[in-house]
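S.K.: The primary structure of each chain is shown beneath.
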Amino acid sequence: MTPRTLSAVHGQAVWRSADELWDSAQFREHLEREFPAGMSELVMRERQDLAKDAALLKNDPTLATGKSFENRREFLKLMGGSMALAGIAAAVPGCRRPDQKIYTYSKVVPEEVVPGKPLYYVTAMPRFDGGCEGLLVETHEGRPTKLEGNPLHPMNQGKSTIWSLASIMELYDPDRAKFPTFNNPQRGKVMASWDDFRAWGSEHFKAYDAKQGEGLAFLVEKSSSPTRAAMRDRILKKWPKATWTAVSSSEASAESAGTLAAFGTSMRSVTNFAKAHTKTIVSFDRDFLQYHATELASARQFAATRLVVETSDEMSRLYVFESSLTATGAAADHRMRLAPSRVTAALVLLAKELAPRVGGSAGAIKAAVDAVQVPSGDDIDQLLINECATELLAAGQGQSAILVGSSQPAAAHALAAVLNAALGNIGKSVRYVAMDAEEAGPSTARLGVLSEQIKSGGVSTLVCIGTNPVYDAPGDLDFAGLLAKVPTTITWHVGASETAEASTWSLNGTSFLEAWGDAKSIDGTLSPIQPMIAPLYEPALSEIEFLALLSGKEMSAKVDGYELVREVWRGNAKEWFGAITDFEPKWRRALHDGLVTSVAPTTPPALAKDLKDVVAGLGALTLGAAPSSGSLEVAFTLGNVGDGRFANVGWLQELPAFGTRVVWDNPVLLSPKTAVELGVAPLGFKYQGASDLANPFETNKLNAMYTEGTYPTARVAELTLNGKTVKAPVWILPGMADNTAVLMLGYGRTNAGLVGDGVGVNFSPMRKSSTSTLADAGLKLSATGETTMVVSTQNHWTMDGKDSVLRAVDLPAWKKYGSQTQEIVDSFYGTKWNINFAERLGELSHTPPNISIYDNPYNRSPMDADPTKKKANDPRLPSNVRDPSQAAVIANREQGAAFSSRPQWGMTIDQTLCTGCGACTIACQAENNIAVVGKKETAKGREMAWIRVDRYFTGDDLNNPGACMHQPVACVHCENAPCEVVCPVNATIHGPEGLNYMTYNRCIGTRYCANNCPYKVRRYNWFDYGVTKFNGGYYFKDAVEAVAPDRGGITGSGEHNKINPNLIPPRLRDKLDEISKMQKNPDVTVRSRGVMEKCTYCVQRINAAKIECKLAGLKDKDGHYVVPEGFFQVACQQACPSNAIVFGDILDEQSKVTATRRHARSYALLGYLNTRPRTSHMVRVMNPNPRILQARDPERFARLEEPFHHGAHHGGHEGESHEHMPGSEDGTHEPAESSGEPKAHTFFDTRKQREDRGYAMSLRVLSIPQGGQA
Amino acid sequence: VSVLFPKWTNVLPTVFAMGALGGAVAAIGGFWYYATPKFWRVGYMPTQPGGGFNHQLHAGKLGMDCRYCHTKVEKSYEANIPNVATCYGCHGAGKLKKMDQSVIDYSPTHVAKTEFIREAFAQDASIPWRRVHKVPDYVHNFPHHVHLNAGMSCYSCHGRIDTMPVVFHAEPMSMSWCLDCHRAPEKSVVPKEKVTNLAWVQDELTKRKETGTVGVDAQRVLETLQKAPPANCGACHY
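Chains L and Z, in that order, are what the protein sequence lines are. Each residue of the first sequence is one higher than the one before, counting from 1 in this note's numbering. Each residue of the second sequence is one higher than the one before, counting from 1271 in this note's numbering.
All the given hints hold, so there is nothing to weed out.
DSS-like cross-link-like pairs, simulated, lysine-lysine; straight-line CA separation at most 30 Å:
| no. | chain 1 | residue 1 | chain 2 | residue 2 |
| --- | --- | --- | --- | --- |
| 1 | Z | K1464 | L | K1115 |
| 2 | Z | K1404 | L | K1080 |
| 3 | L | K485 | L | K237 |
| 4 | Z | K1308 | Z | K1479 |
| 5 | Z | K1345 | L | K107 |
| 6 | Z | K1345 | L | K1077 |
| 7 | Z | K1308 | L | K101 |
| 8 | Z | K1457 | Z | K1308 |
| 9 | L | K558 | L | K206 |
| 10 | L | K238 | L | K455 |
| 11 | L | K206 | L | K553 |
| 12 | L | K1071 | Z | K1404 |
| 13 | Z | K1331 | L | K101 |
Partner residues aside, some chain Z positions facing chain L, computed with beta carbon under 7 Å:
| no. | residue |
| --- | --- |
| 14 | K1342 |
| 15 | S1346 |
| 16 | Y1347 |
| 17 | N1353 |
| 18 | A1395 |
| 19 | P1398 |
| 20 | W1399 |
| 21 | P1413 |
| 22 | C1503 |
| 23 | G1504 |
| 24 | H1507 |
| 25 | Y1508 |
If you want a taste of the chain Z side facing chain L, the calculated C-beta under 10 Å gives, among others:
| no. | residue |
| --- | --- |
| 26 | P1316 |
| 27 | T1356 |
| 28 | A1392 |
| 29 | Q1393 |
| 30 | P1406 |
| 31 | D1407 |
Bear in mind the hints are in silico, worked out from the structure with no lab data behind them. If you're wondering where the values come from, they're calculated on a predicted model, not measured in any experiment. Even glycine gets a Cβ: it sits at the ideal position worked out from N, Cα and C.
Next up, chain L with everything else stripped away, as it sits in the complex:
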């Protein structure tokens, strides 16, 4: 446990899991391994695991038999079976040259298409939580492959979210609806056609014409589309008595109600941070950085307020009061974990502090705020509230923002609006944007009204368009039962849907990439949606076309989305384009840009006159005490699969969830303390009671959640809320509010497709239709005694040297030391060099720099002499090279190092800006054809994502960690790459531009490179993940599954395969279907089994850019061909919403990456290994309130201005020599004189010391002078 004192994050412990925090022996072993234990073995392990898990569960080690099933007989049996199957397969296809056909265009040739070159079109993706994202779509000969943000769109500005990136898989979803289905009362479900529907519909809907649509109900999604609104008007004109219910499945309508009280109109609060005018941000359960309609704009603005370049730069300060742990909470400078109702209490307490002092409109509510009773409790820290109030007032008018999230009641939203108005924030740091009537209405209440109507028999035909109420409606409505009561139900849907399954008619719709449409973003920007490809499953109608069909005179009429959209746009031309004439050029401009720019700006809204509704709301607000473990509070959250519509997208299922890093699941999240109290902590989590938690080190009950069993195993609990009971696994999340359960929506789909079916648990039935928030109280949770596997990637790919891989300081330390360098003189080696602020935080300040005794032509660091100046008799060169007879070698050297010619690629990742959202991971997956492997494969550590986002906690308290930080790590392209020297076939070698190439066709799969990679960024294709179907079938499947034991969910859901299809020989497996193949990037190889892969720095984009620049004749002033800065972006950089990733030519003096790489916050990950990574990470700077630190975290307060772990007696003034002797057991370090004499150095351990002595000796043997510049 002593290494913790060396941590480069406030000197506090840095850990990713309970196991790592306590640093058990098992964990050390786990760390040393390339992959988690057991992942290299085949199947038999599983039986052993079952026994082991049973032993863990009963706390009886004797139950684990310890007998290995991986014996030779089992192995031979398996192999024999495989060989037999392979033999059959080998006989089928021959060994022939593939006969490829080239199909050209025929009569009609599109003018712009150049075969072999992608085209880019703009469009927009409507978001289910409101607004839209403007996108730029890469299409290859008419086939969209990758979605990127539209650089012109004010929300995206070229960036994209995980949802917009992954929505291309909605288009290529192999399980989506392909044709209409009719549930014939006599014959059951039959495949039908749109013609059948049209014929049936013209009869059916005719009956409603006479009744003016009575009995007809439409249940649609809330939409920002003006054309959809026009279609609604048409429907309601034709059938005035029809019911139109627009809902949003995951909405909390409290904001709409609260702003209605405050402003008299329903509003949506939108962040508008800027470095110039945002100093203090206070969030009450509002995760504005992720899973939020304006997440892209908020993340970008927030990053801008946090960026520190100069030591004089100021940062905004973020206070977060939240119940779960969100991206916003992780980004906070001060965070308080509170149950949802207590978050409201904290807001009221803040209002009590603010109201008397702020004046203005707050005066009107002062009495009402004072009247609200807030039960006291230990959970709320009054100091934080007071400091918040002080800072909000001190920030000045319009310099702060108070944001309230979806778990909060209307009164809280109203209160925040009044406070924002009083602080002058409205229109500056916060904007309030009016909602239209359809958007403003409460979804669950609307559903309730519809349910009543159905119950009373008032609905004879229900048309669901894009909605899936059977899956996601609140449980008290029992929508599945209601649907059965409606005589005729028609469901239009794109992906597979539970509602469609239960409907009379299921109609296949088009995705937004296949049809015309339009959308409006939250900030009011209008975007046309243009199709990228004809509907894959024709015929199909888009939502607006379907509505137009229903509202038209004849059901047989042709409907054309293009004409519908144009008609609406033409009708609004005066408002949107400023003129009615000249429609055509302006429309074409809008199609080209993807937006209409001349949308009228909105003026900041004014508060309602007397605020009596706000006062009334506050009067009705009753706040309870903090919840107890017998009656938990609940926060419903959204995760990577959104409200369930992305459940069939493997990329998102396999993207680690925020905080827990859990994949393929949505366990109930509890704080460790609550989980222990309720007896539902994961297996291997060895705390019996609260006393253990208080003194974990003394009781010595080491945690082994991840290391004791082969797979992490959760206990299954029974949850009862609002009369509904479900069983779900429970997982712990450090930093969550105690006695609060987080239930993630969007999982537990039963009819989503091969990927999403049966993944996780559906918590929607536990919601009730009467609440307007995504929170509830009164949850009963009890252990069932069952267990289940929960897969969390947080301990995968653990790097050794955790004490300095992550580095963070507080703003005062940066201000004090940011511009200083420290000269390191090492007496042992006689070397001198300067290290920057960031490197001073790590090992380099107390270990000597590494100088290779080999003359590495790739060395381009400050430690290296200029290679162009090396002379033949240079004493630093190894003797064999100094030999004049080696003239050729020397001549080669004289020409300069391999890395002296431009371009040389490099990347920086700014940890201050990174929010951990995962957009880089998904963008990389989309760009580089990275496979999805499934739940159990991930459990074995076989996930393929090239960029992993490591999540670290700090501090000693598992239940309440100090901070949560993120570090994206992909291949860092070492100049001295350890992987390259061990590859026996030269499959991974270095390129002349500094890229560490991975040549797949050379790779023979020894995995030596992955073993030797200290960053653990290499991914191995253990099976044919990339070319066979996920959860697919295989020949003889029935026969095999008849004899195979049920292994319950090996790839993803397990609903579709009883045994792991990966274990079937590749030839027998179902190949990837053609539709899924269409997404693949044609410029990147789809890797097959037995091949290593890793980040390539998007070499395909680099090569394409180089070719384009060369053909265009772009040259620099010296006449060299160059790729200009910004000519292209790598996929992760392009997606990153907070601009944390910078990529470019590090030899370009003007490039941004040169500036960031040289920046004082920039450090090399594991730099002391002399790997010389091309990717550098930048120190996270936080901006805590010193007064709070002083009272609550004196340890960190002491380091506020002295971040270096060797304490205050090393001032670190410029030019001062330092000699460090870390490692003395009591932690004291004596400054030593720099004398050039070898001293008794102790580094990290004695072994290293020995090696270093030998190294120094070798330098002397090679007559490399000591004390000189190396």
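Since the structure of chain L is provided, determine the placement of chain Z on it from the hints.
M.R.: Below, chain Z alone, put in the same frame as chain L:
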């Protein structure tokens, strides 16, 4: 013992050893020769739909430039196969009447040979041409545009297409074959304006080979190259 193994068996080990050696040599030699692209790919001549496009006639006799049909070869990675509309431009009903009767055969049987073009055009269907030249999937985007603009002639990779009635695979297109040129481009680069003049290029390159010299033009072109052609893995494999 002598009963079991008569004396003549003493030579057996030698015979077996020699046999094994010979077999090994034959196997390795056979593999060396037969399992290479040089054997498998050179000469590949698939039958094309409709009797195929006669390059000898069009590019040779009629003197059509390669880029008349492969329109995007200077602009894109791919040397695109012409659209049916391009074929139809000449072979549409009654379109060839104006041309020189001495070159073009207007006999009804000959005209019938191009009927498949008009049929495809009428149906707006494409003609399923069979691919002759193909690099493996792990070789990415052979950039025709870069090579052409750097002065690499069609001839260097495809041979004398203008003499082929039916196109066949003229060069092995193996990796070592690629690298031969990438390591010594001066042997193959020609002035950019000559890249589609296959006969001239053949003459020039043969001359260079025979005399062991490098043409003045090649020097000029080399100077305009950005740098030596890449010979690293990442240039093609990713």
